[in-house]
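Chains as they are written, first to last, in the working numbering: chain C, 146 to 527; chain H, 19 to 273.
No wet-lab data here; the hints were simulated from the structure. All values reported here derive from a predicted model rather than from experimental measurement. There may be inaccurate statements among the hints.
What the hints assert, rightly or not - Cβ-Cβ distance ranges computed for the label pairs, FRET-style:
#: 1; chain 1: H; residue 1: Glu87; chain 2: C; residue 2: Val164; range: 51 to 61 Å
#: 2; chain 1: C; residue 1: Phe170; chain 2: H; residue 2: Val156; range: 50 to 60 Å
#: 3; chain 1: H; residue 1: Ser34; chain 2: C; residue 2: Phe252; range: 31 to 41 Å
#: 4; chain 1: C; residue 1: Phe252; chain 2: H; residue 2: Ala218; range: 41 to 51 Å
We put the CB at the ideal spot given by N, CA and C, even for glycine.
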Amino acid sequence: MTRPTAMGDWILFICFSVVVLAMPFWLAPFGADYPDLMQKFAIFGIFAIGFNLLFGLTGYLSFGHAVFLGVGSYAAVWSFKLLTMNIVPAMIFGIIVSGVFAFLIGFISLRRSGIYFSILTLAFAQMSYNLAYSVLTPITNGETGLQLTLQDARSLDAMAGIEVTRSLPSTTLFGIKTSGLPGFYICAVVLIIAFFIAMRITRSPFGTMLRAIKSNQTRMSYTGFNTRPYLLWAFVISGMYAGLAGSLMAVTDPLAGAERMQWTASGEVVLMTILGGAGTLIGPFIGAVFIKYFENIFSSFNEQILHRFFDALPDGLENVLVSVTSLFVGEGWHLTLGLMFMIVVIFLPGGIMEGVRRIGKLFSRKPEKVVAKAVEASGAQS
Amino acid sequence: MSTENVVLHVADVHKSFAGLHALSDIDLSVREGETHAIIGPNGAGKSTLLNVCIGRLKPDSGHVVFDGENLTGKKPHQINQLGVVRVFQTPEIFPELDLLENVMVPILAKRDGSFKLNLFKRFSSEAEVRRQAEETLVDVGLGDLGDIEAGSLSRGDKRRLELAMGLAQKPRLLLLDEPTAGMARHDTNATIDLLKRIKARGMTKVIIEHDMHVVFSLADRISVLAGGRIICQGTPEEVKGDPRVKEAYLGEEQV
Chain C
146 MTRPTAMGDW ILFICFSVVV LAMPFWLAPF GADYPDLMQK FAIFGIFAIG FNLLFGLTGY
206 LSFGHAVFLG VGSYAAVWSF KLLTMNIVPA MIFGIIVSGV FAFLIGFISL RRSGIYFSIL
266 TLAFAQMSYN LAYSVLTPIT NGETGLQLTL QDARSLDAMA GIEVTRSLPS TTLFGIKTSG
326 LPGFYICAVV LIIAFFIAMR ITRSPFGTML RAIKSNQTRM SYTGFNTRPY LLWAFVISGM
386 YAGLAGSLMA VTDPLAGAER MQWTASGEVV LMTILGGAGT LIGPFIGAVF IKYFENIFSS
446 FNEQILHRFF DALPDGLENV LVSVTSLFVG EGWHLTLGLM FMIVVIFLPG GIMEGVRRIG
506 KLFSRKPEKV VAKAVEASGA QS
Chain H
19 MSTENVVLHV ADVHKSFAGL HALSDIDLSV REGETHAIIG PNGAGKSTLL NVCIGRLKPD
79 SGHVVFDGEN LTGKKPHQIN QLGVVRVFQT PEIFPELDLL ENVMVPILAK RDGSFKLNLF
139 KRFSSEAEVR RQAEETLVDV GLGDLGDIEA GSLSRGDKRR LELAMGLAQK PRLLLLDEPT
199 AGMARHDTNA TIDLLKRIKA RGMTKVIIEH DMHVVFSLAD RISVLAGGRI ICQGTPEEVK
259 GDPRVKEAYL GEEQV
C-alpha cells in the first residue's frame, strides 16, 4: 500500500479539472455533449461526492439524502423569488438551509447505527416528501412545484433598479446568463471546487478519524474520541453538498418540486456512489456520470435506432436481435442499469474504481508474473 | 495498606449478571508507578473488573476513583481523556488503516481532545505526531511496517500494534488485559522486555495475566481474584507463600 502524497493529490486534482472542463469535447463522440446533460453530470457529481463523504468515509448509509437536494432547490428558488436572480446568494442560501436540515435529521438519526440509521434517514426523507405535498404547500407550492412569477419581490434586484416587465427574468451570475453552455461551465467550476474541498477533507485529520470510525467505532471511543460530533459533522457537510447540488438544479432551471426528495432519488445517489467506488475520491463522480448517461442516452434508444444498428444482418436475425435488445433500451434502460449494478457489486465490490485499480496493477506488475497470472487464468477458464 | 500515592482506587464494587455475582466487595488500590497484577483462575472476574474500570460496564454499587475523579458513569472517551488507557485481549485496532495511522490516531486524541474539526490540514503532514508514532512503532518492534494495512498483520503483531496505540498516548494508567496471551515464547519475552522498559519510565500499570512467568517478572504487587472476590493481596513473595492462593490457583500450575 502506498500512502497518498500531496503531489499525487495535486496531479489528481488537475487531471480531474481538465477532464471536467473538457467535457464538451470528449463527450461529443458519445452524443452526450449537450449542456443539459453535462449540467446533470456535474450536479449529480457534486451530490455523489458529498454523499461519499458520509457513506464512503464513515460507512453510515443514509437513505434519505435526497431531502437535502430538495431543500437546496426550494431554498434557491426562494432566494430567486425574494432576493435576486443572481445565483450566488441562491447557492449560499441552499447550502445553509440544507445544512440546518442535515443537522436536525442527523442529530436524531445518528443515535443509531447500521440498518437502523438507514431506516431513520429514509423515514425522515419520506416524511419531508409528504410534508412538501401537504402541510407545507404555502412554502413548496405542492404538486405544481415552486416557480418564479412576475409578482415576485426580488428586493435586491429591485433596489438595484432591475425591472421586470413582460417575461420572467432568468438566473444570472452577475449578468452572465446561466442557461446553456455557460450554465454547464458554472456547474463544472462549482464541481471542481467541491471536489477539491472533498479531497482536503478526506486527507485531513478529520477525514482520517472518519475512516477510523468506519474501521472500528468502539475502538475510537476507547481511544478517547467522542464519535458523535464527528459523525454529525460528516452528515452535515454531506447534507450541504446535497443542498449545493439542489440549488444548482434550480440555477439551471429555476423551479423546485417535491419529487426531488422521493426515495428513488435517495436510492440513486447510493447507486452512483457504489457503482463508481465508495470511499474513493473520483469514483462517485464516475458513477454519477455513468448513471446519468445511461438514463438519458439509453432511454432515448428506440426500435428504429436498433434496426439501423443491426441493419447489416439477415432479416430474421435482425428482428430477433432487435426484439431482444429492445428490452434493455428505451423504457427498459433500468434493466440494463440493474444488470450492470449487479455485475459490478458481485465482481467488483469496490466499484468501477476497483476495476481501474486492478487493470493498473496488471500493467505495473513484473512481466513474468503477468505471464504466470495469464497462464493461471487460462487454466481456470478451460 | 498505606494510602499514599494511590492513583486508582476501586472501592466496594459489586457487579452481578442475572443473579450471578461476578464481582463482590472488590477493594483495590493501585499506587503511582507500580505494576499491579491481577491474577486468578478463569471466570474469576478479572476482565469484568477491568471493564468496570474503563466504563464499559457499570458497577451495581461501589465506585472507581482515578486520581480524585469518579470514573463510574463516565463515558469511555472521557475516561480515556483522563489518561486511563486499556489494551484489549482480542486486539482492537483499525484494520483498514495502516500501522502508522493506527498509532497517529490515538496520539491526536491526546493532543486535540475528544473532538476537533480539523478539516484542512493534511493528516500525513502532522510531523510531530508522525515522529512520535514512528518512535512508538519502533519501540514495539514494528518499526519498518508503518505502511502496511493493519488488518493484514499476524495476531501477535496486532497485539503489539495495540500496545503501541496505548503507549503512544503516554497514559497515566495503562490497563493491560493478558498482553501475552496467544503469543509464542519468543514474542512473550519481547513483550516482557518492552513492559519492563515502560516501567522504567514510571508508567502505572494494571496487568491481567494468566502466565505466571510474566506476572512474577513484572509485578510489584499482586491481587488474586477468585469467585469474584479478592482473596489475597501483596508482593509476589507474599502471594506465592499464601496457602489460599495455592489452593485456588497456583496449585494448578506448579510455580
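Going through the hints against the structure:
For the pair Glu87 (chain H) and Val164 (chain C), the supplied restraint of 51 to 61 Å holds, since their beta-carbon distance comes to about 55 Å. Look at Phe170 (chain C) against Val156 (chain H): about 52 Å separates their beta carbons, and that is inside 50 to 60 Å. A hinted range of 31 to 41 Å holds for the C-beta pair Ser34 (chain H) and Phe252 (chain C), which are about 36 Å apart. As the Cβ distance of Phe252 (chain C) to Ala218 (chain H) is approximately 47 Å, the hint placing it in 41 to 51 Å holds.
The earlier numbered hints are all upheld by this structure, with none contradicted.
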